[in-house]
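Chains as they are written, first to last, in our numbering: chain A, 1 to 421; chain B, 1 to 159.
If you're looking for bench data, these hints aren't it; they were derived computationally from the structure.
Any given hint might turn out to be false.
[To be verified] Some chain B residues near chain A, calculated using beta-carbon distances under 7 Å:
(1) Pro43
(2) Ile85
(3) Gly88
[Claimed, not checked] DSS-like mimics (lysine-lysine), calculated; alpha carbons at most 25 Å apart, straight line:
(4) A:Lys328 / A:Lys98
(5) A:Lys241 / A:Lys328
(6) B:Lys80 / B:Lys140
(7) B:Lys59 / A:Lys156
(8) B:Lys127 / A:Lys156
(9) B:Lys127 / B:Lys140
None of the values given here were measured: they were computed from a predicted structure.
For each residue, glycine too, the CB sits at the ideal point set by N, CA and C.
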Amino acid sequence: MDPHVLALSVFGVDLEAFNNVYAIAAVWIGLAFLASFISIRVGLSVALVEILVGVFGGNVLHIASNEWINFLAGFGSVLITFLAGAEIDPASFRRFLKPSLAIGGIGFFTPFAGAWAFAFLVLHWHWQASQIAGIALSTTSVAVVYAVMVETGLNKTDLGKLILTACFVCDLGTVLALGILFANYNLLLIGFAVATLIVLLLLPWSLRLVLRTLGHAVSEPEVKYVFLLLLALGGLAAAAKSEAVLPAYLLGLVAAGVFHDDPRLMGRIRGTAFSFLTPFFFLKAGTLIVLQAVVTGLGAVVVLFAVKMVAKFIGVYPATLAFHLRGKQAMYTTLMMSTGLTFGSISALFGLTHGYIDRGQYSVLVTVVVLTALVPTIIAQALFYPRAHLLRWGSESLRAGLEGSEEAGAAGERVQGWRPK
Amino acid sequence: MHEVILVGVDGSSGGYAAVHEAAELAQRFGARLIAVSVEEGLPRYAATMGEVDEFKREKDRYFDEVGVEAKRIAEGHGAKLEHEIRIGHAADVIVRFADEVGADLLVMGYKGHSRITQFMIGTTAQKVNAYSPASVLIVKAPKEHDALWQRVHRFPQEE
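So that you can see chain A by itself, here it is in the shape it has in the complex (with noise of 0.2 Å):
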């Protein structure tokens, strides 16, 4: 029987008559309501809750994906993923390159290469799983940065601006690595990387032009040409055996500046992100969690989470001082650094699917991506806050560095004794 009906049938009702797409659809839409609803009574991210809410369906409803719904999850993935990279700051990006290219290269690389050695060498996992381990321990998350940034005040200061284009580097090395690492090196990758070259040339200039001549209208032409771009690179990564999100990603950092022109279109292509895709890629991914996997696992999560931890520290914590950072101040931006959710949740999923890692060790890496969403945040919070921030009441010239005007960023440097190059 399908899980979902056997899902259904605690009612004591033969309802295999509701094996068919509008029910099964219902109980998924159902479940992300229900994340929904926790989450903003929680003050949780629906994405982390979906997540749980998945693990509940898998584990005790025992709903399981079809088709139609791994190409919904799939394409939430890639969305998310655009819009990801479309939050970018380019004014900030240009402003801190050398910076947030040293620290969020670096910020890649060591747990990269620290979780795949660890993986293959200690845990005797096979080369590919190792890889898949490496990429999805090598993430920052940049949302839960941000997060916690607009609490502390930080996301308008240069320190803040400065963490958040690291992380965006970081997630770019995270995304070439799951699209160039798997890939099949042929014609069709070629094929594939000069289409990707030609549309990230265009797309700022054909989306203002889609823009420009179509508007906003109630059919949403310029959603559609997004969607059309995303759908059809993803069609050329598939064919070459590389994966969608690397150029959605890549999309999105290009096409930033003309959603920070244009924010209306930013909130209609969330808007059915987070309504209807995304919520089947996190439930996705949770009800592919097996509890049994992570708790015989539980030390695998453990030291792969110390292993993140200690190779974000190795690689981020002395980029940091050499970048003029100090004291609590450093040590929060390597934490802040540490954090991940929807690249590694992403990463994990594609090993799943492709093959490359079991059930078991999905669950074990997605455990371990929940934790460091949660765990470095707490600490850093707690013990490494930078409290002379610039919030001080009544000083204006402080007070208006908050608008991000010139003199913001010489009072930032003054507060946070931090000087951009």
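Could you slot chain B onto chain A? The hints should help.
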């Protein structure tokens, strides 16, 4: 007697009653009157930055309205009120902010809670009272005001 009076305002009936009381005291003592609102429940561990921004926009809009209402109440007592919005845990932020502005009196509204809630987590006013460096005045809203505010306003932060 008082030079800087800080009042916590969250849009609840108790909060507005505290503004009435604080404004009256500020007017009598010629004190500076500052109101602080705290945005609680920011989605941590978010999947996108937009999720955080959206929440903040909603809260900002709500507390901007609360600030306008608080200023109107203060003006009714002949006092000028400055309004500040902060993010975080209400009791923690209010205590820190009181220290920041050098408040010598902190006025808080009292909100009724179930006995279980009070026992388990306490109220914001209780926590502020415990940790504030300044004197704390806790104001209870009259019942008829309470009913009026409940009709006029939504209280997203009330437990």
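**Study point:** Interface hint compliance - Gly88 of chain B to chain A, C-beta minimum distance less than 7 Å
**Key:** holds, 6 Å
Point to revise | Satisfaction of hint between Lys156 of chain A and Lys59 of chain B, Cα-Cα up to 25 Å | key: holds, 18 Å
Practice item. May I ask you to test the interface hint for Ile85 of chain B with respect to chain A, counting a Cβ-Cβ separation under 7 Å as satisfied? Key: violated, 11 Å
Review point. Under the criterion of a CB-CB separation shorter than 7 Å, is Pro43 of chain B in contact with chain A as hinted?
Key: With a minimum Cβ separation of about 5 Å from chain A (threshold 7 Å), the hint on Pro43 of chain B holds.
Review point. Does the alpha-carbon distance linking Lys328 of chain A and Lys98 of chain A stay inside the 25 Å limit?
Key: holds, 22 Å
Review point. Going straight from one Cα to the other, do Lys127 of chain B and Lys156 of chain A come out at no more than 25 Å?
Key: It is violated: about 29 Å lies between the C-alpha atoms, which goes past 25 Å.
Point to revise | Restraint check for Lys80 of chain B with Lys140 of chain B, where alpha carbons must lie at most 25 Å apart | key: With Cα atoms ~22 Å apart, Lys80 of chain B and Lys140 of chain B stay inside 25 Å; holds.
Review point. Taking only the CA atoms, is the gap from Lys127 of chain B to Lys140 of chain B under or equal to 25 Å?
Key: holds, 16 Å
**Study point:** Proposed proximity, Lys328 of chain A with Lys241 of chain A (alpha carbon, max 25 Å)
**Key:** Given pair Lys241 of chain A, Lys328 of chain A is violated - Cα atoms ~43 Å apart, limit 25 Å.
Of the numbered hints listed earlier, those contradicted by the structure are 2, 5 and 8.
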